[in-house]
Amino acid sequence: MVESVVMSENLIQLQRELQQQLPPEALLTHPAQLTPYECDGLSAHRQRPALVVLPESAEQVALVVKRCHQLQIPLVARGAGTGLSGGALPHREGVLLSLARLNRILAIDPARALARVEPGVRNLAVSEAAAAHRLYYAPDPSSQIACTIGGNIAENAGGVHCLKYGLTLHNVVALDLVLADGTQVTIGSEAPDTPGYDLLALLIGSEGMLGVVVGATLRLLPQPETVQVLLAPFDEVTAAAECVGAIIAAGTIPAGLEMMDRPAIAAAEAFVHAGYPDCAALLLCELDGSGAEVAAAVAQVSAIMRQQGATEVRIAATPAERALFWKGRKAAFPAVGRLAPDYYCMDGTIPRRHLATVLQRISELSAHYGLAVANVFHAGDGNLHPLILYDANRAGELAQAEQFGAAILQLCVEYGGTITGEHGVGSEKIDQMCIQFQDQALSQFHAIKAAFDPHAILNPGKAVPTLHRCAELGAMHVHRGELPFPELERF
Amino acid sequence: MADRDMSEPLQQQVMVAAETRQPLLICGGGSKRFYGRPINGDPISTVEHSGMVSYEPQELVVTVRSGTPLTELEAVLADAGQMLPFEPPHLGEQATIGGSVATALAGPCRPWRGGVRESILGCEIINGRGERLTFGGRVLKNVAGYDVSRLMVGAQGTLGLLLEVSLRLLPRPAREVTLVQECDATTALTRLSQWRQQPLPLSGAAYLEGQLWLRLSGSEAAVTAAQQQLGGEPGDDHFWSQLREQQLSFFAGEAPLWRLALPADLPNPHLADSRWLIDWGGGQRWLRSAADRATIQQAASALGGHATCYRAGTAAGEHDIEPFTPLPPPLLALQQRLRQAFDPGRILNRGRLYAAL
Numbered sequence: 001m002v003e004s005v006v007m008s009e010n011l012i013q014l015q016r017e018l019q020q021q022l023p024p025e026a027l028l029t030h031p032a033q034l035t036p037y038e039c040d041g042l043s044a045h046r047q048r049p050a051l052v053v054l055p056e057s058a059e060q061v062a063l064v065v066k067r068c069h070q071l072q073i074p075l076v077a078r079g080a081g082t083g084l085s086g087g088a089l090p091h092r093e094g095v096l097l098s099l100a101r102l103n104r105i106l107a108i109d110p111a112r113a114l115a116r117v118e119p120g121v122r123n124l125a126v127s128e129a130a131a132a133h134r135l136y137y138a139p140d141p142s143s144q145i146a147c148t149i150g151g152n153i154a155e156n157a158g159g160v161h162c163l164k165y166g167l168t169l170h171n172v173v174a175l176d177l178v179l180a181d182g183t184q185v186t187i188g189s190e191a192p193d194t195p196g197y198d199l200l201a202l203l204i205g206s207e208g209m210l211g212v213v214v215g216a217t218l219r220l221l222p223q224p225e226t227v228q229v230l231l232a233p234f235d236e237v238t239a240a241a242e243c244v245g246a247i248i249a250a251g252t253i254p255a256g257l258e259m260m261d262r263p264a265i266a267a268a269e270a271f272v273h274a275g276y277p278d279c280a281a282l283l284l285c286e287l288d289g290s291g292a293e294v295a296a297a298v299a300q301v302s303a304i305m306r307q308q309g310a311t312e313v314r315i316a317a318t319p320a321e322r323a324l325f326w327k328g329r330k331a332a333f334p335a336v337g338r339l340a341p342d343y344y345c346m347d348g349t350i351p352r353r354h355l356a357t358v359l360q361r362i363s364e365l366s367a368h369y370g371l372a373v374a375n376v377f378h379a380g381d382g383n384l385h386p387l388i389l390y391d392a393n394r395a396g397e398l399a400q401a402e403q404f405g406a407a408i409l410q411l412c413v414e415y416g417g418t419i420t421g422e423h424g425v426g427s428e429k430i431d432q433m434c435i436q437f438q439d440q441a442l443s444q445f446h447a448i449k450a451a452f453d454p455h456a457i458l459n460p461g462k463a464v465p466t467l468h469r470c471a472e473l474g475a476m477h478v479h480r481g482e483l484p485f486p487e488l489e490r491f
Numbered sequence: 001m002a003d004r005d006m007s008e009p010l011q012q013q014v015m016v017a018a019e020t021r022q023p024l025l026i027c028g029g030g031s032k033r034f035y036g037r038p039i040n041g042d043p044i045s046t047v048e049h050s051g052m053v054s055y056e057p058q059e060l061v062v063t064v065r066s067g068t069p070l071t072e073l074e075a076v077l078a079d080a081g082q083m084l085p086f087e088p089p090h091l092g093e094q095a096t097i098g099g100s101v102a103t104a105l106a107g108p109c110r111p112w113r114g115g116v117r118e119s120i121l122g123c124e125i126i127n128g129r130g131e132r133l134t135f136g137g138r139v140l141k142n143v144a145g146y147d148v149s150r151l152m153v154g155a156q157g158t159l160g161l162l163l164e165v166s167l168r169l170l171p172r173p174a175r176e177v178t179l180v181q182e183c184d185a186t187t188a189l190t191r192l193s194q195w196r197q198q199p200l201p202l203s204g205a206a207y208l209e210g211q212l213w214l215r216l217s218g219s220e221a222a223v224t225a226a227q228q229q230l231g232g233e234p235g236d237d238h239f240w241s242q243l244r245e246q247q248l249s250f251f252a253g254e255a256p257l258w259r260l261a262l263p264a265d266l267p268n269p270h271l272a273d274s275r276w277l278i279d280w281g282g283g284q285r286w287l288r289s290a291a292d293r294a295t296i297q298q299a300a301s302a303l304g305g306h307a308t309c310y311r312a313g314t315a316a317g318e319h320d321i322e323p324f325t326p327l328p329p330p331l332l333a334l335q336q337r338l339r340q341a342f343d344p345g346r347i348l349n350r351g352r353l354y355a356a357l
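If you're matching them up, the sequences are chains A and B in order. Here the first sequence stands for residues 1 to 491, numbered as in the working numbering. Here the second sequence stands for residues 1 to 357, numbered as in the working numbering.
Because the hints were derived from the structure by calculation, they are not lab data. Beta carbons are placed, not taken as given, at the ideal position from N, Cα and C, and that holds for glycine. Incorrect hints may have been included.
In silico negatives: residues of chain A with every beta carbon more than 10 Å from chain B [stated by the list, open to error]:
1) Glu25
2) Arg112
3) Ala392
Here are the computed distance ranges between Cβ atoms for each label pair [as the list claims (entries may be wrong)]:
4) Glu182(B) / Ala131(A): 42 to 50 Å
5) Asp292(B) / Ala323(A): 56 to 64 Å
6) Asn10(A) / Val16(B): 58 to 66 Å
7) Arg101(A) / Val76(B): 48 to 56 Å
8) His368(A) / Ala356(B): 54 to 62 Å
9) Asn10(A) / Pro330(B): 19 to 27 Å
10) Glu402(A) / Ser241(B): 24 to 32 Å
11) Gly313(B) / Gln20(A): 56 to 64 Å
12) Arg337(B) / Thr357(A): 19 to 27 Å
13) Pro328(B) / Arg104(A): 52 to 60 Å
14) Gln228(B) / His368(A): 53 to 61 Å
According to the in silico footprint, chain A covers these stretches of chain B (three or more CB under 8 Å from chain A) [claimed, not checked]:
15) 38-52
16) 286-298
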């Protein structure tokens, strides 16, 4: 259900001003034009914005932000709209600011191994442009063909190579930023550090709450000389989970280390025929480096996999086979999507050592809620993506799926993890923030927000819940020693 | 390693100071006291607050109290075949992990393994209101809430007294090799720019007095291959610890010592009567020069970097030391508001970074 749009007097004034100051194509006001912006990748949350603005320059962005600040009009920035947490969900009385037209790659600088880009540049386009110099941009969220750098920065996006190459945070060196009052500043630099506080770290992952990014300088890495992928099936989830720890404990940091459980394997196999065996759990391990280095690592990792109970270890013989190994994993979401009319993708992180226990608990919750779940997992860095299957056309099932999801996130916190590893809080996990953070920490977040955005115009209502909201949800808190779902067995 | 939790007395001390608006001077081991503006305040010491809170080697994560001595922490990690990725300079036997995080100082490997900010995953702090707050966590991927842990790195305690930090670790490399190539500075910077575009297992690159020093770290196979590719004479591995600890003869003497952070490919700026040591593959330059502060800081700023008066030497008076490059007014204003958000009374290390912070 889409709520109707409300045009306040201030909004009407802003619209009039922008009609005079921006080119006509930069402003969308007709309901039919607004509809495509009513949700991001979390399509269960929808809201049509009052106004969509599509600026073409940093100056135009600054103008819009400044006027929204002065008129106290909510403003939500949006990249490609592929986010999975509703971070770009519009405000009914506000402006939806699309950065899609700021989409130029300004420079690839091989001597500094940097790329200077506008925020609307697609993630994959950076690596494509850098490839001429045998460089690439490491963060590779699964939506990289479509998602934009601006959105990646807002969410501190990850991908399958984070264990070795880090998140967006580790790969951005400077941002051109429009602050809430329209002031333009640069934070970070092309030198290794800047004096004063590390605002760059604070801004990355701040979900559009602290400023609007109008330019970014990205660190590029040399393409690895050699890449190899190993595939190992296991009869027990526990054995696969322990194998992950054993590989890392032996001193190898794989470029990627992914795990899938039986439902996910079966779905992927049925969809893309990657040749995955029928097994309880599958590990995919990518190793990169020089030729000799990879050969040595392949020998070491295969031996560990066998020791840990892999029923076989397949080593991709050709680049085509390597791509096939990955194909099933990369198609896991749409593959699972074929099993049910709808699926809900979760994003918790746990310490790796609790993996087997947490998967067991998730399967208990699955039985409790009567909804199936498939697990794909960035195993190397402990980032779980349970996919909950449901049918939105069945009364109450969406609500049931959301409750199941919330229970999984609570479980992640209980085991010393977090409610979001790479998708962000957005509008989706706002209630779970009350579980992960104490009131004083939430108050500190609000104080940070106020230091950047005193009128709270930027993405209001996202990422950090009000204490009032948390108080209302009080019953959901994990109190010390008191676990949720006491009716469930624990083992 | 002594296991002592002093969180409560430390919190009490901050709460009392917050009430009376009494400035506090946060002290660890004192090894980095020289770094920053000289300030006054009632001392509040973290040295008794020490010990490992959790360490699971297979998670590649350690959680420690801020007063834990660096030497002891590094020994425990080394026993498990692991290390802090950022190779922290100790600069004194009493150095603590809290001081490393607060000052954000990192060793020669910084461009390849990241600095403190790349390693920190979570923290517990006492803010200027005397509240104990926990941010981040003990997992590698975590985007819930603003990244306050990384904001603490380099804030020198002005946003909160560090109680605990969780840090990401790396396995120790199987092999390390030091190489030395004779060349001039221009050639060295050109080579480094070329190598930045190649997948090499570099973990150190410094240029001093006609010699380009290189360190390779990694698996046996990777290091051997890179050694053949790059060439050069074998060098003394101690060079890197001496560089990190500022024990090379370059660092001796009373001339002011400056640290410039610059885009790595640029030549050294022209300054009269200057001696240079290039570190971090070009990103960090050490400078001995008697030139005045404005000249040096302007030269660095003009190249897109900044300059810090690392040690003022004997010539400077206590009260005219302003080590850090001034911030542009909108950024200073923003940082003042941020400081206010954590410590409204400005009681924690007031004026340590800038007089106005």
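Status of the hints after comparison with the structure:
1. Glu25: Consistent with the label, Glu25(A) stays out of reach of chain B, its closest Cβ about 31 Å off (over 10 Å).
2. Arg112: 5 Å, violated
3. Ala392: At roughly 26 Å from the nearest Cβ of chain B, Ala392(A) sits farther out than 10 Å, so the non-interface label holds.
4. Glu182(B) / Ala131(A): 42 to 50 Å: Between Glu182(B) and Ala131(A), where Cβ atoms are some 35 Å apart, the hint is violated.
5. Asp292(B) / Ala323(A): 56 to 64 Å: With a Cβ separation near 60 Å, Asp292(B) and Ala323(A) satisfy 56 to 64 Å, so the hint holds.
6. Asn10(A) / Val16(B): 58 to 66 Å: 46 Å, violated
7. Arg101(A) / Val76(B): 48 to 56 Å: 53 Å, holds
8. His368(A) / Ala356(B): 54 to 62 Å: At roughly 56 Å between Cβ atoms, Ala356(B) and His368(A) fall inside 54 to 62 Å, so the hint holds.
9. Asn10(A) / Pro330(B): 19 to 27 Å: 25 Å Cβ-Cβ, so the 19 to 27 Å window holds.
10. Glu402(A) / Ser241(B): 24 to 32 Å: Once the Cβ atoms are compared, 54 Å apart, the range 24 to 32 Å for Ser241(B) and Glu402(A) is violated.
11. Gly313(B) / Gln20(A): 56 to 64 Å: 59 Å, holds
12. Arg337(B) / Thr357(A): 19 to 27 Å: Hint violated: Cβ distance 44 Å, outside 19 to 27 Å.
13. Pro328(B) / Arg104(A): 52 to 60 Å: Cβ of Pro328(B) to Cβ of Arg104(A): about 25 Å, so the range 52 to 60 Å is violated.
14. Gln228(B) / His368(A): 53 to 61 Å: 60 Å, holds
15. 38-52: It is violated, with 0 qualifying residues against the three required.
16. 286-298: violated (count 0)
Of the numbered hints listed earlier, those contradicted by the structure are 2, 4, 6, 10, 12, 13, 15 and 16.
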